[in-house]
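Peer 1: Residue-level listing of the chains:
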Amino acid sequence: MKVLLSWLQEFTPVEGSPQGIADDLSDLGLAVAAAPAGIVVARVAGLRPHPDADRIQLVDVDAGDGELRQVCCGAFNMAVGDLVPFATVGTTMPSGLEIGRRRMRGQASEGMLCSAVELEMGPDAEGIMILPAGLELGDDLTAALGVAGDVLFDLEVNPNRPDALSVVGVARDLAARRGLPFELPEPQVETSGAPAGESSSVEILAPDLCGRFSVRVLCNATGARPPPLLARRLLALGMRPLNFVVDLSNYVMLEIGQPSHAFDADLVPGGALGVRRATEGEQVETLDGVVRTLNAGDGVIVDASDRAIGIAGVMGGASVEISAETQVVLLEAAWWNPPDIARTSRRLGLRSEASARFEAGVDPEIAPWALERFAELAAPGGVTLAPELVQAQGHLPPRPTVRVRTGRVNAILGTDLTPPEMRACLEPIGFGVSAAAGEPSPELRSYPGEVWDVTVPSWRPDSSTEIDVIEEVGRLWSYSRIARTVPSSPHSGGLTARQRSRRRAHDVLAGFGLMEAMPLPFLAPGDLGRCGLPADGITVTNPLVAEESVMRTSLRPGLLKAVAYNAARRQPGVALFEIGHVHAPGDGELPAESDHLAVALAGREAPAAAALWERLRRAMAFVPTEVRNEATAGMHPTRSASLIAGGETVGVLGEIDPAVSEAFDIAERVAWLECDLGRLLESHVGDSHYRQPSRFPSSDIDLAFVVDDAIPAAAVEAALREAAGDALVTLHLFDVFRDADRLGPGCRSVAWRLRLQAADRTLTDAEVGEIRAACIEAIATTGATLRD
Amino acid sequence: MTADSAAVLASEARALTAEAVSALEVASSVAELTAARPDLLGRGSPLTGLRRRLGALAPEDRPLAGRALSEALATVESRYDARLEELRAAERRRQLEAERLDLTELPEPPQVGRLHVITQTLQRLEDVFSAMGYTVAEGPEIETEWHNFGALNFPPGHPARDMYDTLYVDHGPPGSTLLRTHTSPVQVRVMVNQPPPLYVVAPGRCYRQDTADATHMPVFHQIEGLVVDDGITLGDLAGAIETFTTAYFGPGFTSRLRPSYFPFTEPSAEFDVQRPDGTWLELGGCGVVHPSVLEVCGVDPERWSGFAFGFGIDRLAMLRYGIGDLRDLWTNDVRFLEQF
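Protein sequence lines correspond, in order, to chains A and B. Residue 777 in my numbering sits at position 777 of the first sequence, with consecutive numbering throughout. Residue 247 in my numbering sits at position 247 of the second sequence, with consecutive numbering throughout.
Quick caveat, the hints were computed from the structure, so don't treat them as lab data. For each residue, glycine too, the CB sits at the ideal point set by N, CA and C. Certain hints may be false.
What the hints assert, rightly or not - To spell it out: a stretch of chain A is covered by chain B in this simulated footprint if at least three of its residues, at any positions, have a beta carbon under 8 Å from a beta carbon of chain B; those stretches are:
1) 478-484
2) 498-511
3) 563-573
4) 586-600
5) 721-730
To be verified - With beta-carbon atoms standing in for the labels, derived distance ranges:
6) A:47 to B:319: 57 to 67 Å
7) A:737 to B:109: 53 to 63 Å
8) B:5 to A:697: 38 to 48 Å
9) A:47 to B:109: 52 to 62 Å
10) A:737 to B:98: 29 to 39 Å
11) A:708 to B:170: 46 to 56 Å
Given only the sequences and the hints, what does the whole structure look like? Please build it.
Peer 2: This is how it looks when you write it as structure tokens:
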């Protein structure tokens, strides 16, 4: 919502620095957006076709500084001599776009001509905004559009403040904050001619949709012109002047927040207007020339023959549109049920300044004022007003009286305000305060102080409970005047054990020299399939782009894309990890969601993943996990293993299937590890008990076995551990070699070093020998043989 | 054979000493020197052999000759030790010199692990709030419509839902399950599951139907705060925000609250942070927890009150490191990752 200082001053004598006013507005919850700088009034001095492009033309722009600038422009709606908004080089547009010197298809472009949308001055994206003649070239656009010396404030209005979608509403707040008088003058208008009731009637057939429907009849409308001040204010506030009736309607809407609609009385038989719900499939041609198909929830305005002649609260119909010839105008102002208008405008994609106000909720009592204000502004143009307001009423929302405990106000705000101080906040913005009648409700806590019955003004539909009123007191008192206190937590705070472990996993992996990547959690439909994984990701039903329509079941597609991205930029060999949520489809209230951990080592082969897993497992003290050689989906079939803990698969490691790598345009090998971190952390073993190192000497024995390739080293190792018993302190594999001539085909030699040590004595040679023999004997059962 | 005399013995000792000393000097390595030791000072050495002739001397000559022999042995011994020390030092010098390295030769660029800038920012925030006595809560990224909207005082069709461009997923009845649009549903989960007093922050990933550009992404990170306790006020909220501001941004940074609107808080506010240079940064939204939300979550609003706040993490990271384009956070280009 934009407001001009001069317009505010019509309702309250606000003075002072624009910054001071902006600060007050901001502190009232009406944030002031920064106005774009560097947009000036310029003249189109020449138009030329672009030599190499059909959809762009070259414009010579005169910004009044004696120099013509060439601008490339994609719009064709301007003529030589038109005044247009010109964003000079260096300007930052409201969208954040910075205007620079550019070349378009070889032609220089020094700045940009702007549409109303680009200036955030209106919804019109079609073509460049054409400014009224007579403005000074080179003047700042805002200043040029307003009155000389005027100030434009661009306010962000929250959905709970429909009253602030009007100049009057903003003036009321500002007056209250500054302790200034505020006055909404009654429109001064004379009536003439036959009473309106003789030439029009209204009927509400859908009282839940339309709370009130009011009509005034205006005569002698033909050829009337709006005053120039009005057109300039409309432009400054972002609306393009169109014609007398529409401009006045817009002006009144911006001023008081009540939209109105004009019908050509000659096109409405008997001046009879009705409101009802549309029938399913009913059609109406709207003002923009489009035939709209309605459904049963929408509201329509109908004539005496029950023909739809407009869509309630959204857009008028073409059949009754006013024209230059219109003599008599039926001017209508209504109160519509906000959710109905929201639904219809959203479904039809028709959002306007009017529908936005109906959605937020207009003041149900203000229509008569708005219609008279229109007539008052139209009177200098010769338009006359027929006596009588023609009006019908449906269901209006109740206006509850709110029980407010002044002690509760202080308890929520953290203030120490007296009842008169609170009253001084509420009354200037229309809230009425009186002592509560009747007994206090027993379930409500009682506080010291007064208990009030507070009436809420008709323009504040958002306010209906005690907490709403408390907020108003705080807002008008000013949040910045409330003393700051710091509540002290009775808890010690910090991370849970599981959160600390997850953080540790991050630190361990980074300590291993891996970089943490953050791929998008969305996948394209084919991504899981390309990874050789089941394509069963949960889909997003309303994605903006198909590439972001599937939720990941694995971290693999994201990290492989990251590997490919880097490889394509001559950055091979990246070592990346990610810890993030994955989602698996399921039957629960929500899909299964868990934290996965994945590592991609580009340029490395499967053993690197196995080694990394072993380091990670030890560093994190995960539960003992079996690494089981087996083909897994999407992995190199002979270089893949499952991680098994507690009988369940908790992960996979090995090397990405070369076919998968190829599908991702990765030429390197990629060693891969992915595990269900959530599951591993759940089964995390706590702090282990300290074991004092033995003070007695240790003995090492080396054993080399010929092991069939089908037998995993882990199986032999397990047998050795079992056989060596308690005396075994460490066991490590130190040598593997293959030699078909010496060892025979299909097997390899694997050698382990066992360190033996007792806690309470030195092991004798005989004891060491016994353990060695036991190991050799045990190994025979695995199918391996001692190598001599 | 002439009888020995002390003088003869002493003279022989002198000669042998001279011989031994020159032999010491000739040895050119520790090994050579130590190998020569038995010949010079051992039991079979000529000098030691002179001792055997002491018994044959006249008794009055023995002390004199004995002294001369002892002195000779001591001389050789000390010259031996000196020579050994000298040779050892020379060998150490030679060996160390041979091991000389250029420590500026680095064969491979080092592989340094990094945490993503978002993770670092998130951890920093968690640490600040932990120190303020808050615990860290988490919730699912795929959420029920009720947790994300319904329980937070957004009835169906409420215009405030339009403030969030929600992405829905195909789970359960249409419209029942969505990608959470904010971390606020964690508030609901915490209040439903734990009794007050509550001092909680909930960082996490959120989603919106947004086209990726320099300042928007369909996925982003937020942190949510929730306090529910006896007599919590708007002043407590302002104080907590101020404490956080100073703790996170540093001295010289202050905060302010401006009235705003969120369905699940009332009074609601935006909070801004003022930099030491006087400029303002709009950081997030906050407010006193709406009584309806407390009630829906099983907390008696007449007995307890609370506040909540939330803000984006991605922008904090961008501001701290001068990252201009939000999309850079998600490219995983190692030239980006290695900078943090």
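Peer 1: Which of the listed hints are broken here?
Peer 2: 5, 6, 7 and 8
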